[in-house]
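Undergrad: Here are the chains, one letter per residue:
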Amino acid sequence: MLSLSVKQLLDNKGIQAKPEHLEILESRWKGMQELRGTLEGVKIEDADIGLRNIPGGDHIG
Amino acid sequence: MAKELIQKSVEELAPLLKDGSLSPVELTNAVLDHAEETQDTINAYMTIYREEAEQSAREAEKEIKNGNYRGMYHGIPMALKDNLYFKGKVTTMSSKIHKDFIPEDDATVVSKLRDAGVIFTGKLSMHEYAWGITNNNPHYGAVRNPWNTDMIPGGSSGGSGAAVSVGSSVASLGTDTAGSIRIPSSICGIVGLKPTHGRVSKYGCYPLAWSLDHIGPMTKTIKDAAGMMDIISGYDEKDPTSVNTPVDQYLEKIKGDVKGLVIGVNEEYFFNEVDNEVDQVVRGNIKALTDQGARVEVVKIPTLKYAEWAELVTSLSEASTIHHEDMLKRPQDFGDDIRMLFELGELPSAVDYLQAQQVRRQLKQEFEEVFQKVDVLIAPTLPVVASKIGEDTVELNGNKVDLIDNIIRFTGPGNLTGLPALSVPGGFKGDLPVGVQIIGPAFSEALLLNVGYAIEQTNPMKNMKPPLLSKA
Chain A
1 MLSLSVKQLL
11 DNKGIQAKPE
21 HLEILESRWK
31 GMQELRGTLE
41 GVKIEDADIG
51 LRNIPGGDHI
61 G
Chain B
1001 MAKELIQKSV
1011 EELAPLLKDG
1021 SLSPVELTNA
1031 VLDHAEETQD
1041 TINAYMTIYR
1051 EEAEQSAREA
1061 EKEIKNGNYR
1071 GMYHGIPMAL
1081 KDNLYFKGKV
1091 TTMSSKIHKD
1101 FIPEDDATVV
1111 SKLRDAGVIF
1121 TGKLSMHEYA
1131 WGITNNNPHY
1141 GAVRNPWNTD
1151 MIPGGSSGGS
1161 GAAVSVGSSV
1171 ASLGTDTAGS
1181 IRIPSSICGI
1191 VGLKPTHGRV
1201 SKYGCYPLAW
1211 SLDHIGPMTK
1221 TIKDAAGMMD
1231 IISGYDEKDP
1241 TSVNTPVDQY
1251 LEKIKGDVKG
1261 LVIGVNEEYF
1271 FNEVDNEVDQ
1281 VVRGNIKALT
1291 DQGARVEVVK
1301 IPTLKYAEWA
1311 ELVTSLSEAS
1321 TIHHEDMLKR
1331 PQDFGDDIRM
1341 LFELGELPSA
1351 VDYLQAQQVR
1361 RQLKQEFEEV
1371 FQKVDVLIAP
1381 TLPVVASKIG
1391 EDTVELNGNK
1401 VDLIDNIIRF
1411 TGPGNLTGLP
1421 ALSVPGGFKG
1431 DLPVGVQIIG
1441 PAFSEALLLN
1451 VGYAIEQTNP
1461 MKNMKPPLLS
1471 KA
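Just so you know, the protein sequences line up as chains A and B, in that order. Counting from 1, one number per residue, gives the positions in the first sequence under this note's numbering. Counting from 1001, one number per residue, gives the positions in the second sequence under this note's numbering.
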């Protein structure tokens, strides 16, 4: 079931995952979810965001 | 004489070049000969620019003879990582897809080094597109560790680490997105500095992950790194992430005095699951600093527990964005290992990415709070030493653990926060070098180099050289 969802997710984006990668991808994705945990203590809904919109100063071209 | 020359650092060579007792031509030929001799064994170079380097060396010789000595790096032969653009020269990122790519402009760091009189001897191998830490490249072969050629040199700047370590480049530059300067520096027993994000221009560097990428020196000594920082630092309007803040005088500020320095030690994250011998080496170096008048304060940084996740989501998402079109059209042209990472990077959602940025913000705030109390943090650069070429796991206190996950654990926070981080050789586990990592507040590179110098002065490497260099 999990294998199907990772494959479907990639298929939907037009990415042809190598069949032999799917199991490893599942395992790595699961590992990442474990690292994430609940994000308890992180101010996700804080008034300020980590990304900033700074007008001007970019280079042209 | 030629064999003695390749062992010397920039700080040793510069006075000889300046006073004319050493010719840039002689030095360049010694380095080029050694690069060619060690290529079969180490495979550090992608391309050697023999003719151009000899021509540049003759010009440098003439200039110095005429009294136009430009400074510490004038007449120094060195090669750079192959993701830094040289105008009109093939720049491959050690990939198949970009094997014929010719940039239209020099990278800003290349221009600055050229203006300082550096002689470019060629381009150095790297992990394909900088997206890995082994430098076991499927298109151009594995780069080998000069300390033990069965082992990886680390990556992604593995060619730079191996070349500086073995003496086939007197110094070099690396790029660092999750540790790619500090990892090979630690593993190859050299100095590597990831500067503050925005301190060194990234214009003309092929990106891996925009918000995490940095360029910095990889050198034999701390003073070599400081001298290079004097050249490459500064605001660049061509790089939108460049920060317009005054540049320090890095070399001049190195005194090695650490009396009164407050060293922060974070046990929960930076000393958790560390190889016992690596742990001992790093703590031994901290003790050496306290013996010189520094003191230690234990600090907490709670959000570090989410740092690995935030680093992975951010780097995977940004890298997969950059390579998305090629993943649609020609995925078979990527090496298998990075193709899988690009597949993995398609999985996080926009929500995942933005949550990771909120973690970064909180982490930055916590580091800032810590630096109100301490001057620097000291930690192992890596929890382990080099692994065998071709293996996906590494031994950690008797257990086999995932190589990639473990090797970036302690370097990633420097990229997430953008804070400067230095790896300085601290000793050995067996025949393999161990790096000590020094992390500081934004734009504190001069302080980090000074602390690194204090460590270097205790001679933790006991004057040991890689076998290929000491036998040369």
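Be careful, since some hints might not be right.
Below, a list of computed lysine-lysine pairs in the DSS-like style, where the Cα atoms sit at most 27 Å apart [said to hold, decoys possible]:
(1) B:Lys1329 with B:Lys1089
(2) B:Lys1329 with A:Lys43
(3) B:Lys1305 with B:Lys1099
(4) B:Lys1364 with A:Lys43
These are computed hints drawn from the structure, not numbers from a lab.
Undergrad: Hint by hint, say whether it matches the structure.
TA: Against the structure, the hints come out as follows:
For the hint pairing Lys1329 of chain B with Lys1089 of chain B, the CA-to-CA distance comes to about 26 Å; that is within 27 Å, so the pair holds. Of the supplied pair hints, the one linking Lys1329 of chain B and Lys43 of chain A is violated, its CA atoms being roughly 39 Å apart against a limit of 27 Å. Between Lys1305 of chain B and Lys1099 of chain B the CA atoms are separated by roughly 39 Å; this puts the pair beyond 27 Å, and the hint is violated. With a CA separation close to 13 Å, the supplied pair Lys1364 of chain B and Lys43 of chain A stays within the 27 Å bound.
Of the hints listed earlier, those the structure fails to meet are numbers 2 and 3, in rising order.
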